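First to last, the sequence lines map onto chains A and B. Numbered per the working numbering, the first sequence spans residues 214 to 528. Numbered per the working numbering, the second sequence spans residues 243 to 507.
No lab work stands behind these hints, which were simulated from the structure alone. Since we're looking at a predicted model, the values are computed, not measured. Be aware that a few hints might be false.
[What the hints assert, rightly or not] Just a sample of chain A residues kept apart from chain B, beta carbon distances all over 12 Å, derived:
hint : residue
1    : 245
2    : 274
3    : 367
[Said to hold, decoys possible] If you want a taste of the chain B side facing chain A, the calculated C-beta under 8 Å gives, among others:
hint : residue
4    : 259
5    : 260
6    : 261
7    : 288
8    : 289
9    : 333
10   : 464
11   : 467
12   : 473
Heads up, the beta-carbon is just placed ideally off N, CA and C, and yes, glycines get one too.
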Amino acid sequence: MGVKLAVEIAGIRFKNPLLAASGTFGYGVEYEGILELASLGGIVSKGLYLEARDGCPTPRLVETPSGLLNAIGLQGVGVRNFVRDVLPRLARHDTRVLVNVCGDTVEEYAEVTRVLDAEPGVSGLEINISCPNVKKGGMAFGGDPGMTFEVVSAVRRVTKLPVIPKLSPNVGDITVFARACEEAGADALSCVNTLLGLVVDVEAQKPRLAFGTGGLSGPAIRPIAVRMTWQAARAVKIPIFGIGGIASASDALEFLIAGARAVQIGTANFVDPGVYERVLAGLTDYLTRHSLSDINQVVGTLAYPGDKPTGEAGE
Amino acid sequence: MALNRDIPLVRREVLEGPYLLLTFRHPEVARDARPGQFVMIKAGASAEPPLRRPFSILAVDPTHGEFTLFLKVIGAGTRALDALAVGGLAQCLGPLGQPFTLPPAGSEALMVAGGYGIAPFLMMSRELTSAGRPGRVFLGGRTAADLPLREPFARIGMPLVATTEDGSLGVKGRVTLALGAYLDEHSRPATLYACGPDAMLHAVAQLAESRGLPCQVSLDPWMGCGVGTCLGCVVWVRKPGELRAKYRCACTEGPVFDSRHVVWA
């Protein structure tokens, strides 16, 4: 009873450590009336470019064991339409809004950022350098440490809002990318985007997705995402949002214990819009069972083999 | 307004072959659902298969707070629902989507269904017959075993024309053939409604176009979420006054569309 679930990341206060992950919650307003948006710590918008986009051809989704492979290709309304039509509606809900920023070029990331910089309803910017389903930008930037640094620096130069690059798991050593972001002035990191995958239609001998490859999400990728969150958390000082297959309180706790300060729920939104309620109840129960009063006491408490025990949890 | 609930299975009725009727308690769906709307549903909270599945609502019983689905057991999602015991829980969100619009006064509702595409037309038939409005169902399949759900229509006095490609039941040939023949014989105003495989929907849309009749089609693309966020079920739709077609979510802007607005593949 009476446990504290609020977290503060990059100067943004979230009432609890659960955010909706980009691309799995639309622009948030789609869930008005289905769940209480104010029960979420925050919402990360679908990725936005300067202009509206059609995205990939269909089929765009295929189920996999405990997962989902998608190639949506960042279909979206464009950042100006979002600011005009969606932000005023989101302002009615007591939750934080992070906007996922996309670009074909470094300049476009900066342009989208400029449009959002002066908007009072925006708490922070998640920089999408990790979408696997676009031919330009996305993972092409997030797969190269030099380009990662360049994109994050360009965004950093044009905004005072918290800058939160979303890292790709499709790299050999995520700590290199985490450090590149930190050096470029990022305030926090999102770990991780989807894993590049391929599902084959054996009868037709072609990919099941029209785009070809896609991004794998859901519980299938969770151990990989937890491992990468843990690695990134040890490599940098800036805080981390853990993402990857979270569907229960126990899943969320894995990321927090591994070093994330908050988590984002993705594919589970499609499966059960009631997931936030369940996970929050589970977190409260966990704290109570362990005689803890604050979710921050859990962060980074992983006793990893060979590590020296730390006196205090977190920082 | 759609409501997300864990709902109990209250009745299961096994039909011929891979077909069954599942009745669940969900007072909001029972009260609010309109013909052509659907639910996203999954048996229990198990991890496999990961996603819920969309099903048209076959019938509602607002008095008892129940609704019924018509299923063809073909994949992991339907197998899991088939395995659900009476009293077991399903996760369900609904009612969802845009319903069919009933025909204007004096226009006969001609409902064309392929296989399990018959599902939305029972609720619609009930509304029509209870309002004393004219209607007719054309139900097609490859063979008689594809058409297990005919009796409920007879019970409410809704005429049903069955067609099979192999001639094992009703009129031999495709359902659009029987529809065309009916339109040839009757020149009164009609509104067409179609639910079934894409090729059938397109054929009905073409027939409607050639006769100058309004037509609403219910599309059934693969859906992930049912609320317009996963963007998996998009279809090309061009509405009047639009320069070009846009990808629109079948779950929120459909599944029912004006056939003239759909960009057929």
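Query - Nearest-CB test (12 Å) between chain B and residue 274/A - result: violated (4 Å)
Query raised in the report: Holds or violated: is the Cβ of residue 260/B closer than 8 Å to a Cβ in chain A?
Result: violated (20 Å)
Query - Non-interface claim for residue 367/A, where every Cβ of chain B lies beyond 12 Å - result: holds (28 Å)
Query raised in the report: Does residue 467/B meet its interface restraint, that is, does its C-beta lie within less than 8 Å of any C-beta in chain A?
Result: Constraint on residue 467/B satisfied, holds at 4 Å.
Query raised in the report: Is the interface hint for residue 261/B satisfied, with its Cβ closer than 8 Å to some Cβ of chain A?
Result: Result: violated, 23 Å to nearest chain A Cβ.
Query raised in the report: Is the shortest C-beta separation between residue 333/B and chain A less than 8 Å?
Result: Holds. Min distance 6 Å.
Query raised in the report: Can we keep the residue 473/B interface hint, with Cβ of chain A closer than 8 Å?
Result: At about 5 Å, which falls below the 8 Å cut-off, the nearest Cβ of chain A leaves the hint on residue 473/B intact, so it holds.
Requested in this report: Grab the minimum beta-carbon distance between residue 245/A and chain B and tell me whether it stays above 12 Å.
Outcome: Non-interface label fails for residue 245/A: nearest chain B Cβ at 10 Å, not farther than 12 Å.
**Report entry** Residue hint residue 464/B, partner chain A, criterion CB-CB below 8 Å
**Finding:** Given a least distance of 6 Å, the restraint on residue 464/B holds.
Query raised in the report: Holds or violated: is the Cβ of residue 289/B closer than 8 Å to a Cβ in chain A?
Result: At about 5 Å, which falls below the 8 Å cut-off, the nearest Cβ of chain A leaves the hint on residue 289/B intact, so it holds.
Query - Satisfaction of the residue 288/B interface hint, Cβ to chain A closer than 8 Å - result: Because about 11 Å separates residue 288/B from the closest Cβ in chain A, which is outside the 8 Å limit, the hint is violated.
Query raised in the report: Should the interface hint for residue 259/B be scored as holding, given a Cβ-Cβ cut-off of 8 Å against chain A?
Result: Nearest chain A Cβ about 23 Å off; hint violated.
In summary, the numbered hints that this structure violates are 1, 2, 4, 5, 6, 7.
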